[in-house]
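Visitor: Knowing the structure of chain A, use the given hints to seat chains B, C and D on it.
There are 4 protein chains.
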Amino acid sequence: MKTGLHHELKRRSLEEPYGRLLDLAVWEVGEGTAAVRMRATEDLKNIFGSTHGGALFSLIDEAFQLASNSHGILAVALSVSITYGAAPTAGSLLEARATEIHKTKRTSTYLCEVQEVETRRLVATAQALAYRTGKTIEF
Amino acid sequence: MKTGLHHELKRRSLEEPYGRLLDLAVWEVGEGTAAVRMRATEDLKNIFGSTHGGALFSLIDEAFQLASNSHGILAVALSVSITYGAAPTAGSLLEARATEIHKTKRTSTYLCEVQEVETRRLVATAQALAYRTGKTIEF
Amino acid sequence: MKTGLHHELKRRSLEEPYGRLLDLAVWEVGEGTAAVRMRATEDLKNIFGSTHGGALFSLIDEAFQLASNSHGILAVALSVSITYGAAPTAGSLLEARATEIHKTKRTSTYLCEVQEVETRRLVATAQALAYRTGKTIEF
Amino acid sequence: MKTGLHHELKRRSLEEPYGRLLDLAVWEVGEGTAAVRMRATEDLKNIFGSTHGGALFSLIDEAFQLASNSHGILAVALSVSITYGAAPTAGSLLEARATEIHKTKRTSTYLCEVQEVETRRLVATAQALAYRTGKTIEF
Numbered sequence: 138m139k140t141g142l143h144h145e146l147k148r149r150s151l152e153e154p155y156g157r158l159l160d161l162a163v164w165e166v167g168e169g170t171a172a173v174r175m176r177a178t179e180d181l182k183n184i185f186g187s188t189h190g191g192a193l194f195s196l197i198d199e200a201f202q203l204a205s206n207s208h209g210i211l212a213v214a215l216s217v218s219i220t221y222g223a224a225p226t227a228g229s230l231l232e233a234r235a236t237e238i239h240k241t242k243r244t245s246t247y248l249c250e251v252q253e254v255e256t257r258r259l260v261a262t263a264q265a266l267a268y269r270t271g272k273t274i275e276f
Numbered sequence: 138m139k140t141g142l143h144h145e146l147k148r149r150s151l152e153e154p155y156g157r158l159l160d161l162a163v164w165e166v167g168e169g170t171a172a173v174r175m176r177a178t179e180d181l182k183n184i185f186g187s188t189h190g191g192a193l194f195s196l197i198d199e200a201f202q203l204a205s206n207s208h209g210i211l212a213v214a215l216s217v218s219i220t221y222g223a224a225p226t227a228g229s230l231l232e233a234r235a236t237e238i239h240k241t242k243r244t245s246t247y248l249c250e251v252q253e254v255e256t257r258r259l260v261a262t263a264q265a266l267a268y269r270t271g272k273t274i275e276f
Numbered sequence: 138m139k140t141g142l143h144h145e146l147k148r149r150s151l152e153e154p155y156g157r158l159l160d161l162a163v164w165e166v167g168e169g170t171a172a173v174r175m176r177a178t179e180d181l182k183n184i185f186g187s188t189h190g191g192a193l194f195s196l197i198d199e200a201f202q203l204a205s206n207s208h209g210i211l212a213v214a215l216s217v218s219i220t221y222g223a224a225p226t227a228g229s230l231l232e233a234r235a236t237e238i239h240k241t242k243r244t245s246t247y248l249c250e251v252q253e254v255e256t257r258r259l260v261a262t263a264q265a266l267a268y269r270t271g272k273t274i275e276f
Numbered sequence: 138m139k140t141g142l143h144h145e146l147k148r149r150s151l152e153e154p155y156g157r158l159l160d161l162a163v164w165e166v167g168e169g170t171a172a173v174r175m176r177a178t179e180d181l182k183n184i185f186g187s188t189h190g191g192a193l194f195s196l197i198d199e200a201f202q203l204a205s206n207s208h209g210i211l212a213v214a215l216s217v218s219i220t221y222g223a224a225p226t227a228g229s230l231l232e233a234r235a236t237e238i239h240k241t242k243r244t245s246t247y248l249c250e251v252q253e254v255e256t257r258r259l260v261a262t263a264q265a266l267a268y269r270t271g272k273t274i275e276f
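Residue numbers (this note's numbering), protein chains in the order written: chain A, 138 to 276; chain B, 138 to 276; chain C, 138 to 276; chain D, 138 to 276.
Isolated chain A (complex conformation):
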């Protein structure tokens, strides 16, 4: 049981400077998994008026960061591949979920999906790879 760690990761995520800038709201942190929400606001628009790809990626990356560190061993991102589906509806609430699909001593892999919460429409998917440093997380 790592509920203490998971609670602390949530708390850190809510206080994270970058997360506050984008108004990310951590929803869940479990063993090898995490879910984070973000609203597709005006502030996140690109030059064509759609939600910026960087904002969608950031939402995924926050979920990935939390999931990959949920075992208590410090993990750092090595690579992420994102594929975009449909542009989200303006103003819609989005949820990214990262799910661990593989873990070795040194690396772990996550499948990540962003959906519109209301319609369950898929907005983007990603595959993310982390390096597990072997160091225990100490806040």
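Hint data in this document are derived by calculation from the structure and do not stem from the laboratory. Fair warning: there could be bad hints in the mix.
Identical copies go unnamed one by one, so any copy, or any two together, can satisfy a pair.
As the list claims (entries may be wrong) - Quick list of in silico lysine-lysine cross-link-like pairs, DSBU-like style, CA-CA up to 30 angstroms:
no.	residue 1	residue 2
1	K240	K139
2	K139	K182
3	K242	K182
4	K182	K147
5	K242	K272
6	K240	K147
7	K240	K272
Guide: Just chains B, C and D, lined up with the frame of chain A:
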């Protein structure tokens, strides 16, 4: 010559809501290329005090967006693969450059790199694929 | 119902030159999905005696090719990101499965996994993106 | 100077079972770089008569394998993202080149390109990430 378009893309990038949120500064837009700068400020930090992967990706994505639309045909992102190198030094100025390496009627591919401007140290690289809609860009 | 098409795709896969070279055996083709098997033989070894990454990718790519064409509209590969987990046991039977996770008029996205059939151990995962040409498949 | 190692990597590549199956011909191995050639023969065709994506990937992967091991430290593939450009002309000679763009103690990143040798036309590009085990290569 598309200097009018390139100038307009720069102007739009500077006024873009998401770009303003992250304080992205477009540096150059040319035929199939673009460069964008961002400072690794406190606001962009993740829960471990490093620059958030989402911020680095966003910098790359802005350069990709500008480069892929620099031909005057509306392009949308299909997929991006990012690989992280070294974490940027706190406070350092970063520059992302997107360079077109392939273009067909329907798709185009970009190599993107983020470097620290002062040290030229490589922070991240990405390969990005755009779908070219065939529609002329009209602002 | 596209059982005629799916049967024909299977038949073509079994007769495919490259598939015969690697001894790929299509296992299943359904709407948006496909499974293909391959044995990790001596012939597929790399310079260090492990199964070559190109062979694992080829197995995935065959499943992706069949799944992306299973709707009867000609699809071509745009990009694939593969992440390697554990090296397969020498001589083991491997199965790649491609599952459609998103589809628009122009593109479709697949999650692909390779497992050892006997142990269900995950060997590699991939995310694959296809361009849907709009042309009906005619053999 | 690692010319002894580079010569040995070439020799091993030429004797590699999988390389022989696809008729891969190593062209060059240098510090952080490698080039490998393959002809787009009938044997490599997919169900639609084009060169199989798995064959193109395998060519890239062989160059990546050699480049990532060219420093004398055993490296294993972590992830590769490939983007396809134009289908190669039937019968054409193809060359994949892997170039190191980043290296840390634990990982290294390569840009890979496949071109038709005669026309210099770009067929595919990839970004590849290796894990450096720290073990000295001993054949």
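Visitor: Checking K139 and K182: alpha-carbon separation at most 30 angstroms within a copy, between copies, both or neither?
Guide: between (37 angstroms within a copy, 25 angstroms between copies)
Visitor: If the cut is 30 angstroms between Cα atoms, do K182 and K147 qualify within a copy, between copies, both or neither?
Guide: both (27 angstroms within a copy, 16 angstroms between copies)
Visitor: Is the C-alpha distance from K240 to K272 at most 30 angstroms within one copy, between copies, in both cases, or in neither?
Guide: both (16 angstroms within a copy, 22 angstroms between copies)
Visitor: I want to check one pair: K240 and K147. Are their C-alpha atoms no more than 30 angstroms apart within a copy, between two copies, both, or neither?
Guide: Answer is within; shortest intra-copy Cα gap is 22 angstroms, inter-copy 33 angstroms.
Visitor: State whether the alpha carbon distance between K242 and K272 is at most 30 angstroms within one copy, between copies, both, or neither.
Guide: Answer is both; intra-copy 12 angstroms and inter-copy 16 angstroms each pass.
Visitor: Is it within, between, both or neither when you check K242 against K182 at 30 angstroms Cα-Cα?
Guide: between (39 angstroms within a copy, 24 angstroms between copies)
Visitor: Within, between, both or neither: how does the pair K240, K139 come out at a Cα-Cα threshold of 30 angstroms?
Guide: Result: close within a single copy only, 17 angstroms intra versus 34 angstroms inter.
When the structure is compared with the earlier hints, no violation turns up for any of them.
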